[in-house]
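Engineer: Spelled out from the first residue to the last, the chains are:
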Amino acid sequence: MKLNTRINGRDLCLEIKPNATLLETLRQAGFKSVKFGCGEGMCGACAVLVDGKPRTSCITLAGTVEGSEILTVEGMGNPDQPHALQQAFVDAGATQCGYCNPGSLIAAKALLDSNPNPTAEDVKDALDGNLCRCSGYVKRIEAVLSAADSTASTTGQKKSTRGKK
Amino acid sequence: MAKTTKKTTVKKAATVKPKVSPAISPIPEAPRFFEKPETFNQVSHSLTKVDAMGLACGTQKYVADVDFHNLLHIKVLGSPHPHALIKSIDASEAEKLPGVVAVFTWKDVPRVMRTTAGQGFPEPSPYDNCLLDNKVRFVGDRVAIVAAESPEIAEEACSLIKVQYQVLKAVFDPEKARDKDAPVIHDEKDCRVPIPIFYDPKHNHCSHVETRVGDVKKGFKQADVVLERTYYPHYAQHCAIEPHTCIAYLDENDRLVLRSSTQVPFHARRITAQTLQIPIKKIRVIKPRIGGGFGGKQEVLLEDVCGLVTLKTRRPCIWALTRAEEFMAARTRHPMVVTIQSGVKKDGSITAISMRIISNTGAYGSHALTVLSNCGSKVLPLYRADNIEFIGDTVYTNLPVAGAYRGYGATQAAFAMECQMDEMAEAIGMDPIKFRQLNHIKEGESSPIFKALGEGREGVDMSIGSCGLEKCISEGMKRIDWAKKYGKPGTGVKRRGVGMCCLMQGSSIPEIDMGAVFIKMNEDGSFNLLLGATDLGTGSDTVMAQIAAETLGCRHTDILVYSSDTDMTPFDVGAYASSTTYLSGGAVINCASKVREQIVAVAADMLGEKMQDITIEEGACYGKGRKSSVTFGQICTYAMYEHKQFQIGAIASHISHASPPPFAAHFAEVEVDTETGEVKVLKYVAGVDCGNAINPQLADAQTQGAALNGISYAMTEEFIFSDNGRMLNPNFGNYKIFSTKDMPEIETFLVPTYEKTGPYGAKSVSEISINGALPAIGNAIRNAVGIRLTRPPFTAEKVLAALKEQAKSGKKASSVKAETEKKPEKASKKTPVAAKAEKPVKPAKPAAKKAKASEKKPAKATAAKKKK
Numbered sequence: 001m002k003l004n005t006r007i008n009g010r011d012l013c014l015e016i017k018p019n020a021t022l023l024e025t026l027r028q029a030g031f032k033s034v035k036f037g038c039g040e041g042m043c044g045a046c047a048v049l050v051d052g053k054p055r056t057s058c059i060t061l062a063g064t065v066e067g068s069e070i071l072t073v074e075g076m077g078n079p080d081q082p083h084a085l086q087q088a089f090v091d092a093g094a095t096q097c098g099y100c101n102p103g104s105l106i107a108a109k110a111l112l113d114s115n116p117n118p119t120a121e122d123v124k125d126a127l128d129g130n131l132c133r134c135s136g137y138v139k140r141i142e143a144v145l146s147a148a149d150s151t152a153s154t155t156g157q158k159k160s161t162r163g164k165k
Numbered sequence: 001m002a003k004t005t006k007k008t009t010v011k012k013a014a015t016v017k018p019k020v021s022p023a024i025s026p027i028p029e030a031p032r033f034f035e036k037p038e039t040f041n042q043v044s045h046s047l048t049k050v051d052a053m054g055l056a057c058g059t060q061k062y063v064a065d066v067d068f069h070n071l072l073h074i075k076v077l078g079s080p081h082p083h084a085l086i087k088s089i090d091a092s093e094a095e096k097l098p099g100v101v102a103v104f105t106w107k108d109v110p111r112v113m114r115t116t117a118g119q120g121f122p123e124p125s126p127y128d129n130c131l132l133d134n135k136v137r138f139v140g141d142r143v144a145i146v147a148a149e150s151p152e153i154a155e156e157a158c159s160l161i162k163v164q165y166q167v168l169k170a171v172f173d174p175e176k177a178r179d180k181d182a183p184v185i186h187d188e189k190d191c192r193v194p195i196p197i198f199y200d201p202k203h204n205h206c207s208h209v210e211t212r213v214g215d216v217k218k219g220f221k222q223a224d225v226v227l228e229r230t231y232y233p234h235y236a237q238h239c240a241i242e243p244h245t246c247i248a249y250l251d252e253n254d255r256l257v258l259r260s261s262t263q264v265p266f267h268a269r270r271i272t273a274q275t276l277q278i279p280i281k282k283i284r285v286i287k288p289r290i291g292g293g294f295g296g297k298q299e300v301l302l303e304d305v306c307g308l309v310t311l312k313t314r315r316p317c318i319w320a321l322t323r324a325e326e327f328m329a330a331r332t333r334h335p336m337v338v339t340i341q342s343g344v345k346k347d348g349s350i351t352a353i354s355m356r357i358i359s360n361t362g363a364y365g366s367h368a369l370t371v372l373s374n375c376g377s378k379v380l381p382l383y384r385a386d387n388i389e390f391i392g393d394t395v396y397t398n399l400p401v402a403g404a405y406r407g408y409g410a411t412q413a414a415f416a417m418e419c420q421m422d423e424m425a426e427a428i429g430m431d432p433i434k435f436r437q438l439n440h441i442k443e444g445e446s447s448p449i450f451k452a453l454g455e456g457r458e459g460v461d462m463s464i465g466s467c468g469l470e471k472c473i474s475e476g477m478k479r480i481d482w483a484k485k486y487g488k489p490g491t492g493v494k495r496r497g498v499g500m501c502c503l504m505q506g507s508s509i510p511e512i513d514m515g516a517v518f519i520k521m522n523e524d525g526s527f528n529l530l531l532g533a534t535d536l537g538t539g540s541d542t543v544m545a546q547i548a549a550e551t552l553g554c555r556h557t558d559i560l561v562y563s564s565d566t567d568m569t570p571f572d573v574g575a576y577a578s579s580t581t582y583l584s585g586g587a588v589i590n591c592a593s594k595v596r597e598q599i600v601a602v603a604a605d606m607l608g609e610k611m612q613d614i615t616i617e618e619g620a621c622y623g624k625g626r627k628s629s630v631t632f633g634q635i636c637t638y639a640m641y642e643h644k645q646f647q648i649g650a651i652a653s654h655i656s657h658a659s660p661p662p663f664a665a666h667f668a669e670v671e672v673d674t675e676t677g678e679v680k681v682l683k684y685v686a687g688v689d690c691g692n693a694i695n696p697q698l699a700d701a702q703t704q705g706a707a708l709n710g711i712s713y714a715m716t717e718e719f720i721f722s723d724n725g726r727m728l729n730p731n732f733g734n735y736k737i738f739s740t741k742d743m744p745e746i747e748t749f750l751v752p753t754y755e756k757t758g759p760y761g762a763k764s765v766s767e768i769s770i771n772g773a774l775p776a777i778g779n780a781i782r783n784a785v786g787i788r789l790t791r792p793p794f795t796a797e798k799v800l801a802a803l804k805e806q807a808k809s810g811k812k813a814s815s816v817k818a819e820t821e822k823k824p825e826k827a828s829k830k831t832p833v834a835a836k837a838e839k840p841v842k843p844a845k846p847a848a849k850k851a852k853a854s855e856k857k858p859a860k861a862t863a864a865k866k867k868k
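Going down the list, the protein sequences come from chains A and B.
For the first sequence, position 43 (counting from the first letter as 1) is numbered 43 according to our numbering, and the numbering increases by one without interruption.
For the second sequence, position 375 (counting from the first letter as 1) is numbered 375 according to our numbering, and the numbering increases by one without interruption.
This list has only true hints and no planted wrong ones.
Listed next, the in silico DSS-like pairs over lysine-lysine satisfying Cα-Cα at most 25 Å (straight line): (1) K345/B <-> K217/B; (2) K451/B <-> K217/B; (3) K53/A <-> K741/B; (4) K680/B <-> K124/A; (5) K683/B <-> K124/A; (6) K345/B <-> K221/B; (7) K736/B <-> K124/A; (8) K17/A <-> K96/B; (9) K124/A <-> K53/A; (10) K741/B <-> K124/A; (11) K471/B <-> K683/B; (12) K218/B <-> K451/B.
Hint data in this document are derived by calculation from the structure and do not stem from the laboratory.
The shape of chain A in the complex, shown without the other chains (with noise of 0.2 Å):
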């Protein structure tokens, strides 16, 4: 069957089979930021935006996503154009073997656009779905966190008094 989408602002026309995951379809189509952890949508490796929200896109079926956006990590940034968030996790010192980071920068993503000011709860809110066996996540937060600093501080938005991480 066809499926279209918009993946990272490109209109794509994707030929799936009718139980294809959207994980899969993705990866297919060259999306390999998108990763298998455990395909059963615990560990949050696979997360890509659905139209601005966070989905486990190894539990999603293709087909499901008809006609709507998608975000993969790729689509956030590049090594010489990076997102706020991918050069916060840079600077952070949060990616190590760097598997979990397009899940987790997803689901930053999500929550940086939705709260631009969040709180380090927040962030540990966003995140609880993205598995990580090698950070810790402290730095991860810190990344997020410093992310929306620069973020705002480019938008002159205002922060408001951060709770203790």
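Chain A is fixed; fit chain B onto it per the hints.
Structural biologist: Chain B alone, transformed into the frame defined by chain A:
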């Protein structure tokens, strides 16, 4: 105790040393000490991880991130029984299924016994398994291999394979595995050990280690208190988010290429060649980016199967484990039964330590001996005691296979030892921190254990060159606010407590591990750094680039790192035993020093100066008085194109003659709900002495990650088995690893020391911090509510049961309350509350008696000791 008199043959492996004069020998003499520069330009700086931006933008490639035309998908049929003979196996229906390309059963493959443990050759692990066998030994064991056009077809084909099993009696309890009536798991005639070490598979007895220093019997007699307790560190899985994945294909020269998520590419090449009986030269192993390993990928689990399928079908294939397969059929931490008996005097001196271990390796003996040895060698040297005994046995059971897991035995033994340290302190009424400070090893001191316990052979004698433990302790105490919090559980339903522990690990396996490096210069002044060392997400590529840049005199961004490709890079044992920074980093210095010498020589030629007058700074060479200069780019261009042309480049390797321990002190603060048993870790502090951290940010990240993994292991991670040994919770929904909302406040800090045998003063950092959570949290729970938990994880059910038990035996938590209502005193002087609230479960006197009764046989010196 039946085995205590058994003699072990932990012999030195037969290595023939050629008798050539060192002056003319091409065999390199690695320096024992590296020079310390006056300042560091690249090292000791938190420079950006070289692959970070690619990882954050999703452009870095892992095993499965490349497309192959015509790719086959592999599924392996797993055994439903924990122990059974395959009486008959019929794959004809599976083969008929459209899309199935090949099915292999034990009848179709050569029987070559080997180990899957990715260790140096010859391995200290038994050759007790083969590609496919006619016997299965745990639920999930390989029965048949299917290669098909899609994973779905392969899976369906698996269900069509008709297998008739003769189910055999199974054994799951490691303490019963050596019983007379226990079924023999390895009754095959061809299982063996490749080195002369103890191995008795007929009694499910996989390995045995025994070491004695002094006379523990005498030591117990000298003690004022003798305590004995048994601890049960449990199963755990690594849970790297990237599952084990391997792609195999034939290259244009018809060679087998394995693109694999491995920590040990060179061992993977060797073991795959051995298993498939093809020459090593026919195989190339490529390690791309790896999504975490933690020891789980120090195992050659997939490469043989993928190699077989590609060689037989001449098509590329992929095998990626499912999460359930990761849990059930990959590797796990060895669960253990650790019994510690120790004697202590009232003045705080430890008179004797006896550590007895039964380690459960599951169905196969992967890392069985070495994990066991590490229980002693990475834990016992930490505290001074004149009389030490270490008796360890690894047994086979019909449970999932254990293997290497970050910590590697030290995790299990440190749990027991560090809880015991608190128990001893409590028994003599001494503050547990003071007790540790009194007894821990210090700079310039040695331990007989270093020599006595090696990895499959005798260890290497060494003394401690750097130890920042004291500072780890004092700083950690401040950060957790020990003085205010220790022994003050409060009075409500929720009680609080703090606990701590001290830790050590090693840095590489001395005189066994080797790493090698090749550096070549490019005409823009950049360098290709090709090395076998395996970055599995740790950041070792970056660390190596920093060490190279520091030695060469340029920036780490001018170093182009390519690691772990058996065709393209020199050998390295791989990423394990906390070795990469310490060992491979040494090889980088050796290699870069040679290259630097060549650069200086060319610069001297170009500038018409003497070599000794040339100085290097930020990628340029300066003549005497800095009057003239040439850039690295000009130097390489000159050497390539202009005069007496040659490639500026070198190869070098490194072995170590020591394994200097990093040290750590960990602290935990917990809150225990006495009504529900729920334990909440409020704060965790980890201080580490990893020598001079090459990249402090990466070292810190290693510490944070290891600490949280340890906390998660201590609190929630648990294998739950059915009656027939099937793991019932092989998924992240039911095997709970910590996520962001579970994490306590974590504080980590590095205590810099300078280790002279390490590259630019570095020691290891990767493993040590996973060992702290079990004892630190265990001790904190004891401090909060007076219970001693010996069977982790510390779930609410277990805590509640222990609290009820405590209440039943009359030692109510209220006694803790009564004690704590006293005016707070200075913690360092105060008698621990719990000590008064509840005496040790095994009171001192009977324990001492037991020690006497059990010490029937005279203590024997080990083979290692005799050699002295």
